[in-house]
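A.B. asks: Letter by letter, the chains look like this.
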Amino acid sequence: MALLDYIKGKRYGKEANRLERESMEDAFLQEALDGYDTVLSNHLHSIERLEKTITFQSTYKSKRKTLFYYSIAASITIVLGISSYFFFKPSEGVLLGQQQEMAIPTNAEKIKQTTAADTKAVDNNLRTNKLLDVKQETQQDKQKLSLVKEKITPEKKTVSETIKKAQQPTVAPETASVETQKNLAVSSKRLAEMAVLGKEVEKAKASTLASSADQNETTQAAEPKREFGKKQFKAFFMSKVKKQVCGTGKASVEVSFTLNGNQYPSSFRIKKFSCEEAKNEVIRILSYSPRWTLDAGEQVRMRLDW
Amino acid sequence: MNSTFKKPVKTDQELLNAYVSTTNQEFLGQLYVRYIPLVYGLCLKYFQQQQSAEDAVMEIYEELTDKCLKHEINNFKSWLYSVSKNYCLQRIRSSKPKLFEELNEQVVEVEPFLHLIDAPTDKEKERVLKTCMVNLPKEQLKCITGFFFEQYSYADIVLMTGYTLNKVKSYIQNGKRNLKSCMIKNLPR
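If you read the sequences in order, they're chains A and B. In terms of my numbering, the first sequence opens at residue 1 and continues consecutively. In terms of my numbering, the second sequence opens at residue 1 and continues consecutively.
Any given hint could be a false lead.
In silico DMTMM-like pairs for lysine to aspartate or glutamate, Cα to Cα no more than 20 angstroms straight-line [said to hold, decoys possible]: (1) B:Lys77 - A:Glu22; (2) B:Lys77 - A:Asp26; (3) A:Lys65 - B:Glu63; (4) A:Lys271 - A:Asp305; (5) A:Lys14 - B:Glu150; (6) A:Lys272 - A:Asp295; (7) B:Lys180 - A:Asp26; (8) A:Lys61 - B:Asp66; (9) A:Lys52 - B:Asp55; (10) A:Lys243 - A:Asp305; (11) A:Lys10 - B:Glu63; (12) A:Lys52 - B:Glu150; (13) B:Lys176 - A:Asp26; (14) A:Lys61 - B:Asp55; (15) A:Lys63 - B:Glu62; (16) A:Lys234 - A:Asp305; (17) B:Lys176 - A:Glu22; (18) B:Lys180 - A:Glu254; (19) A:Lys65 - B:Glu26; (20) A:Lys52 - B:Glu54; (21) A:Lys61 - B:Glu63; (22) B:Lys176 - B:Glu124; (23) A:Lys250 - A:Glu227.
Keep in mind the hints are simulated off the structure, nothing from the lab. Quick caveat: nothing in here was measured; it's all calculated off a predicted structure.
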């Protein structure tokens with residue numbers, strides 16, 4: 001018999017005797033039975049309530065402990081997350097500094113920019129000077145011009161070196177002439193003036209080039225105007241066409257087309273053809289035919305044999 | 001095919017070890033719940049009040065959470081008995097000083113509980129037992145015979161004899177003690 005049954009009141013018979021005899025060996029059980037015999041009440045209800053309380057308390061405590069550890073872990077994670085955000089996020093000062101750096105060029109950049117501008121001016125100046133020299137020397141002596149060109153070319157190749165050296169204005173390139181050395185040493189104002197001068201010279205040069213182009217055109221106009229008609233096309237065709245497109249036999253295509261507004265063949269019409277390949281070949285060559293010299297809109301009909 | 005898998009019931013020692021290793025109170029709770037009827041009965045005996053006994057059961061559980069981790073426990077039931085009894089005695093002592101003596105935990109765990117059934121079984125011992133029983137007082141003899149030989153419960157004996165429960169218990173206890181001393185005297189060594 002279980003102890004609870006005994007507490008319930010089942011205290012008769014052999015089972016109860018067994019429990020009571022057991023209690024003689026077990027002091028704990030004996031004293032407990034004595035207690036239940038001493039205070040008569042609904043002990044079973046009290047025991048159930050105590051069992052529930054203990055079970056709940058033990059479970060709650062263990063859960064609370066687990067929850068406590070989880071909350072610690074969660075808070076550590078949150079703190080780490082937030083701190084890492086601030087750690088990796090650049091500070092406002094740094095951002096401002098970066099923006100300022102982007103907005104206001106540094107001294108080095110300034111120097112770079114000014115030197116670049118100076119170098120450009122110097123380069124223009126050099127070019128101007130050289131152009132001037134060239135102009136003068138062309139008028140004077142062609143042999144001397146070639147010598148000057150030789151002198152200019154190596155200097156142009158070393159523009160980057162010139163930039164670097166321009167940052168140190170006192171150091172003049174070894175290859176530069178005495179006149180160039182003087183130009184490098186002058187102030188930016190002087191350089192600007194020289195640049196303006198250079199531009200004017202370039203304009204002058206451009207005008208001279210334009211005039212020379214006009215001269216060329218006039219010379220071309222003087223030449224006899226080329227013609228491209230049936231005869232020329234046949235020659236062109238024979239140079240481009242694939243031979244023996246219709247096997248071993250002779251290929252023959254009779255075609256008519258109109259010259260469009262740009263005097264190129266268009267609206268091909270094949271009247272007769274010995275084979276499909278020959279027809280395609282004629283269309284292919286007509287499609288990239290040179291410009292004809294016949295009037296636009298003129299219809300051409302021709303027979304091509306090859 | 002329906003197959004139900006029941007959780008294997010853990011022994012006291014397994015639950016205790018689990019609690020000590022993990023400090024998870026669920027294990028201690030499971031273990032203590034098994035002994036609540038005993039602890040509650042014990043507390044009832046000493047406090048004679050249901051409410052005080054209930055409070056004591058809860059407080060003993062609180063004590064166990066620490067004590068289990070501090071002590072090396074071989075037999076949880078015996079150890080719990082001593083802890084519970086000492087708690088009750090301390091509580092009573094605080095109100096009525098020097099009434100009870102504390103139990104020695106080691107003694108409680110080791111000391112065997114004597115019983116007549118465990119007495120010698122050979123013929124010589126049986127003869128001595130019968131001789132001793134004849135010499136017992138009438139009330140004690142009735143109660144001893146009914147309880148040990150006819151397997152009646154205290155309640156059965158109360159019904160049969162008309163004695164009170166406490167009297168029956170007392171007769172059985174005293175009769176057992178008398179028989180024991182008589183047998184020790186008469187049995188050849």
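A.B. asks: State for each hint whether it applies.
C.D. replies: Against the structure, the hints:
This hinted pair checks out: Lys77 (chain B) and Glu22 (chain A) have alpha carbons roughly 14 angstroms apart, not beyond 20 angstroms. Note on Lys77 (chain B) and Asp26 (chain A): the hinted pairing holds, with a Cα-Cα distance of about 10 angstroms set against a maximum of 20 angstroms. A C-alpha spacing of about 18 angstroms is found between Lys65 (chain A) and Glu63 (chain B), which places the hinted pair at or below 20 angstroms, so the restraint holds. The straight-line distance between the Cα atoms of Lys271 (chain A) and Asp305 (chain A) is roughly 14 angstroms, inside the 20 angstroms bound, and the hint therefore holds.
For the hint linking Lys14 (chain A) to Glu150 (chain B), the alpha-carbon distance of about 9 angstroms falls within 20 angstroms, and the restraint holds. A C-alpha spacing of about 25 angstroms is found between Lys272 (chain A) and Asp295 (chain A), which places the hinted pair above 20 angstroms, so the restraint is violated. Between Lys180 (chain B) and Asp26 (chain A), the direct Cα distance comes to roughly 18 angstroms. Compliance with the 20 angstroms bound is thereby established for this hinted pair. A distance of roughly 14 angstroms separates the Cα atoms of Lys61 (chain A) and Asp66 (chain B); the hinted pair therefore holds under the 20 angstroms criterion.
Proposed proximity of Lys52 (chain A) and Asp55 (chain B) is supported: the alpha carbons are some 14 angstroms apart, at most 20 angstroms. Under the criterion of a C-alpha separation no larger than 20 angstroms, the hint pairing Lys243 (chain A) with Asp305 (chain A) is consistent with the structure, at around 11 angstroms. A distance of roughly 33 angstroms separates the Cα atoms of Lys10 (chain A) and Glu63 (chain B); the hinted pair therefore is violated under the 20 angstroms criterion. At roughly 39 angstroms between alpha-carbon atoms, Lys52 (chain A) and Glu150 (chain B) are farther apart than 20 angstroms, so this suggested pair is violated.
For a cut-off of 20 angstroms, the pair hint linking Lys176 (chain B) to Asp26 (chain A) stands: about 16 angstroms separates their Cα positions. Under the criterion of a C-alpha separation no larger than 20 angstroms, the hint pairing Lys61 (chain A) with Asp55 (chain B) is consistent with the structure, at around 19 angstroms. Taking the CA atoms of Lys63 (chain A) and Glu62 (chain B), the gap is near 17 angstroms; set against the 20 angstroms cutoff, the hint holds. This hinted pair checks out: Lys234 (chain A) and Asp305 (chain A) have alpha carbons roughly 9 angstroms apart, not beyond 20 angstroms.
Only pairs whose Cα atoms come within 20 angstroms are accepted, and Lys176 (chain B) paired with Glu22 (chain A) is accepted, the gap being roughly 15 angstroms. Distance check on the hinted pair: Lys180 (chain B) and Glu254 (chain A) sit about 147 angstroms apart at the alpha-carbon level, beyond 20 angstroms; violated. Simply put, Lys65 (chain A) and Glu26 (chain B) have alpha-carbon atoms about 11 angstroms apart, close enough for the 20 angstroms limit, and the pair holds. Taking the CA atoms of Lys52 (chain A) and Glu54 (chain B), the gap is about 12 angstroms. The hint holds against a cut of 20 angstroms.
Taken as a hint, the Lys61 (chain A) and Glu63 (chain B) pair is honoured in the structure, with Cα atoms around 15 angstroms apart against an allowance of 20 angstroms. Using a Cα cut-off of 20 angstroms, the hinted pair Lys176 (chain B) and Glu124 (chain B) holds, with the two alpha carbons roughly 19 angstroms apart. Only pairs whose Cα atoms come within 20 angstroms are accepted, and Lys250 (chain A) paired with Glu227 (chain A) is rejected, the gap being roughly 29 angstroms.
The earlier numbered hints that this structure contradicts are 6, 11, 12, 18 and 23.
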